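> Work out the full structure: start from the sequences and follow the hints.
Chains as they are written, first to last, in this note's numbering: chain A, 1 to 211; chain B, 1 to 211; chain C, 1 to 211.
Treat the hints with care, since some could be wrong.
No copy is singled out in the list; a pair is fine if it fits within one copy or between any two copies.
The list that follows gives simulated cross-link-like pairs (lysine to any residue, SDA-like), each with its CA atoms no further than 25 Å apart [what the hints assert, rightly or not]:
#1 Lys31 - Ile161
#2 Lys31 - Leu164
#3 Lys31 - Ile80
#4 Lys31 - Pro206
#5 Lys31 - Ala208
#6 Lys31 - Phe18
#7 Lys31 - Arg95
#8 Lys31 - Trp203
#9 Lys31 - Leu72
#10 Lys31 - Tyr154
#11 Lys31 - Arg207
#12 Lys31 - Ala76
#13 Lys31 - Val149
#14 Lys31 - Ala79
#15 Lys31 - Ala93
#16 Lys31 - Arg204
#17 Lys31 - Trp84
#18 Lys31 - Leu99
#19 Lys31 - Pro71
#20 Lys31 - Ala205
#21 Lys31 - Arg199
#22 Lys31 - Phe83
#23 Lys31 - Leu75
I should point out that these hints are in silico values taken from the structure, not numbers from a laboratory.
Predicted, not measured: the structure shown is a model, and the values here were computed from it.
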Amino acid sequence: MIPVDATLQEILDLVGIFVFAVSGALLGVRKDFDVIGMTVLAEITGLGGGVLRDLVIGAVPPAAFTDLGYPLVPLAATAIVFFWHPQFDRRGAIRGAVLVFDAAGLGLFCVTGATKALAYGLGPVQAAGLGLCTAVGGGIMRDVLANDVPSVLYDKELYAIPALLGAGLAVTVYEVDAYNVFTAVGAALFAFALRLVARRLRWRAPRARRR
Amino acid sequence: MIPVDATLQEILDLVGIFVFAVSGALLGVRKDFDVIGMTVLAEITGLGGGVLRDLVIGAVPPAAFTDLGYPLVPLAATAIVFFWHPQFDRRGAIRGAVLVFDAAGLGLFCVTGATKALAYGLGPVQAAGLGLCTAVGGGIMRDVLANDVPSVLYDKELYAIPALLGAGLAVTVYEVDAYNVFTAVGAALFAFALRLVARRLRWRAPRARRR
Amino acid sequence: MIPVDATLQEILDLVGIFVFAVSGALLGVRKDFDVIGMTVLAEITGLGGGVLRDLVIGAVPPAAFTDLGYPLVPLAATAIVFFWHPQFDRRGAIRGAVLVFDAAGLGLFCVTGATKALAYGLGPVQAAGLGLCTAVGGGIMRDVLANDVPSVLYDKELYAIPALLGAGLAVTVYEVDAYNVFTAVGAALFAFALRLVARRLRWRAPRARRR
Chain A
1 MIPVDATLQE ILDLVGIFVF AVSGALLGVR KDFDVIGMTV LAEITGLGGG
51 VLRDLVIGAV PPAAFTDLGY PLVPLAATAI VFFWHPQFDR RGAIRGAVLV
101 FDAAGLGLFC VTGATKALAY GLGPVQAAGL GLCTAVGGGI MRDVLANDVP
151 SVLYDKELYA IPALLGAGLA VTVYEVDAYN VFTAVGAALF AFALRLVARR
201 LRWRAPRARR R
Chain B
1 MIPVDATLQE ILDLVGIFVF AVSGALLGVR KDFDVIGMTV LAEITGLGGG
51 VLRDLVIGAV PPAAFTDLGY PLVPLAATAI VFFWHPQFDR RGAIRGAVLV
101 FDAAGLGLFC VTGATKALAY GLGPVQAAGL GLCTAVGGGI MRDVLANDVP
151 SVLYDKELYA IPALLGAGLA VTVYEVDAYN VFTAVGAALF AFALRLVARR
201 LRWRAPRARR R
Chain C
1 MIPVDATLQE ILDLVGIFVF AVSGALLGVR KDFDVIGMTV LAEITGLGGG
51 VLRDLVIGAV PPAAFTDLGY PLVPLAATAI VFFWHPQFDR RGAIRGAVLV
101 FDAAGLGLFC VTGATKALAY GLGPVQAAGL GLCTAVGGGI MRDVLANDVP
151 SVLYDKELYA IPALLGAGLA VTVYEVDAYN VFTAVGAALF AFALRLVARR
201 LRWRAPRARR R
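The following block contains the structure:
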C-alpha cells in the first residue's frame, strides 16, 4: 500500500463537495426555497457524506469542521446556482442538471471515501462499503430534508451499483500500489459514466414479484 | 459485573440485524422498490441502530464496518425476502410480517445495545437509554428513508416501552452478574412478547387532551 | 482564551434542552401523537443537536449519555406540556408556542455549541459553524421525524441567520476573554430576539429568479 497523497485527496474531496453542493442548491431552486434554504441544502449535500465517513473511521473533528475550504465550497456553489440557474429555463432542465451533478459527486466520493477508509485501516471490502456510504450519504440527507424519497431507494437505474463498483475499483488500484491522480480520477469517471449510461439505457434492477 | 461474552453478543447482534433487515426488505416490497432499494433499506434498518450505538460509545469504526458478517446478513435477508415474499399474498400479510420481524429486532437490540453500553462504561440508566436508542434507531432510519412517520412516534401501542423495559431487564441481570445466553435471550423475548401483546390487546398510551 | 465555566455551560445546555424539548412535545400534540410519541420527539429535539456536536468534536460518550439530567429534562418538558397545553385552545396558539420555544433553544444552543467547540480546539469560524449546526440540528431531526420539511429550509424568515450571528457573537466574546454568564446569555438573547423580530417584520431572504 502507498500513503494517499493528501493534496490529491483534498482536491478530489473539494470537487466532489462542489458538484454535490450544486445538486443540493438546484434542488432548493426546484423546491422554491429561498437562498438560505438553498445554502443549507448545498452544505448538507456537499458535506454530509464526508462527515459520516469521518465519524465512522474516527477522524474527528471531521474535515468539514477543520478545513475552512470545506464549508466555503458549498457557499460558492450556491452563489453560482443562485445567479446562473435562470439559464435553465426549459422544462425538466433543472431536474436533469441535479442528476448530472449528483452523478459527478457520486463518482468522486465513492473514491475518496474508500481510499480514506483504507488509510484509516479498514479492510478492502469494508472500505468499499464505506466508499458507497460516503457517496450516497449526502444525497440521502438532501432528499430526506427536502422530503423526497431518496434516489438510492426508488431510482430504477441502479443508483448504488456504480458507486459500489467505483469504490471497488479505487480499493483495487490502491491495494496494488497504483493509486494516483489518473487512477483515482479514472475510477471516479467510471462510476460517473456508468451511472449516466445506466440511466440513459434504462438498465433496471428487478423488483420482487407480487401475486 | 462480568465481561460480556463476545461471541454471545455477536450472535445476538447478527440475529437482530437479520430480523430488522427482513423488516426493511419487506417494507421495500410494500413500497414497490426494486432489489437495490430493498437492499439499501435492509442494510440501513439492520445496521443503523448499532452504528449509532457504536458512535455514541466511541467504538469506532463501528462493528458494521469491521466485521464482514454485519453487512452480509442484510444481503442474505434481502435475498430471502426477494424470492420468498410472494407467499405473502393475502391482504395485509406483508404489513403484519414487517411488524413481527421489527418486534424481534427491537427485543434483541435493546439487550445488545444496553449491555455493550455497560461494557463501555456507561451508567445503568444511561445504558438502558442507549439500549432503547439502539433498538429504535434502525427502524426510525428505515421509516424516515421510506418517507413514513416512524412507528415510534405514531404507533399507538407503546412501541418504545417494551424496548426500554427489555433494556432495563438486561441491565439488571448484567449488574447482578447473571448475564448469560438464557437471561439475554429471555430479556429479548420479554420485550418482543410485550410489544406483540401490547399490540394485540391494544394497550394505548394516553394523548394530551384537546379542547 | 479562558476556560469555559463548566457549570455555566451545563445550565445553558439544560435550559436549551428544556425549551427545545417543549417545542418537540408541542409539535407532538399538534400532530396528535400519544404521550410516548411526544416524549420521543421531545428527547430527540432537546438532545439531537448536542449529540451531533459532541460526536463531531469527539466528546464521546456525548453529554446526553453521561449526565442524567440531560435525558430527564425532556421528560419534565413533556409532562408539563401534556398537562398544561389545553391552555392553548385558541387557533394557531400551539404553532406560535412551538415557534417561540424553538427560537429560545436556537439562541441557547448556538452559544453552547460554539463555545464547546472552541474548548475542544476548533478554530473560530469552524466553531461558529458548529454552533449553527448544534442550534439547528435538533429542530431538523424533529421536523424530519414528524415528516415536515425542516424550518431551516422553507422558513422565509432567516431561520439560520440569527443562529449563525449568535454563534459568531459567542465566539467573539470568548476570543477576547469576555465570556461569562452575562455575555453568554446576551448572545443567546440576541439570536432569540433577532429570530422573532425577523419573523414579526417578515424579513425575507431572496429566492433565485425563475423565468
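> Please go over all the hints and tell whether each is borne out by the structure.
Comparing the hints with the structure gives:
no. : hint           : verdict
1   : Lys31 - Ile161 : between (28 Å within a copy, 20 Å between copies)
2   : Lys31 - Leu164 : between (29 Å within a copy, 24 Å between copies)
3   : Lys31 - Ile80  : within (17 Å within a copy, 37 Å between copies)
4   : Lys31 - Pro206 : between (30 Å within a copy, 14 Å between copies)
5   : Lys31 - Ala208 : between (32 Å within a copy, 11 Å between copies)
6   : Lys31 - Phe18  : within (20 Å within a copy, 32 Å between copies)
7   : Lys31 - Arg95  : both (11 Å within a copy, 23 Å between copies)
8   : Lys31 - Trp203 : between (28 Å within a copy, 20 Å between copies)
9   : Lys31 - Leu72  : within (23 Å within a copy, 37 Å between copies)
10  : Lys31 - Tyr154 : both (19 Å within a copy, 9 Å between copies)
11  : Lys31 - Arg207 : between (29 Å within a copy, 11 Å between copies)
12  : Lys31 - Ala76  : within (20 Å within a copy, 37 Å between copies)
13  : Lys31 - Val149 : both (14 Å within a copy, 11 Å between copies)
14  : Lys31 - Ala79  : within (17 Å within a copy, 36 Å between copies)
15  : Lys31 - Ala93  : within (14 Å within a copy, 28 Å between copies)
16  : Lys31 - Arg204 : between (27 Å within a copy, 17 Å between copies)
17  : Lys31 - Trp84  : within (17 Å within a copy, 37 Å between copies)
18  : Lys31 - Leu99  : both (15 Å within a copy, 23 Å between copies)
19  : Lys31 - Pro71  : within (22 Å within a copy, 35 Å between copies)
20  : Lys31 - Ala205 : between (28 Å within a copy, 15 Å between copies)
21  : Lys31 - Arg199 : both (23 Å within a copy, 21 Å between copies)
22  : Lys31 - Phe83  : within (16 Å within a copy, 38 Å between copies)
23  : Lys31 - Leu75  : within (18 Å within a copy, 35 Å between copies)
Violation of the numbered hints given earlier is absent; every hint is satisfied by the structure.
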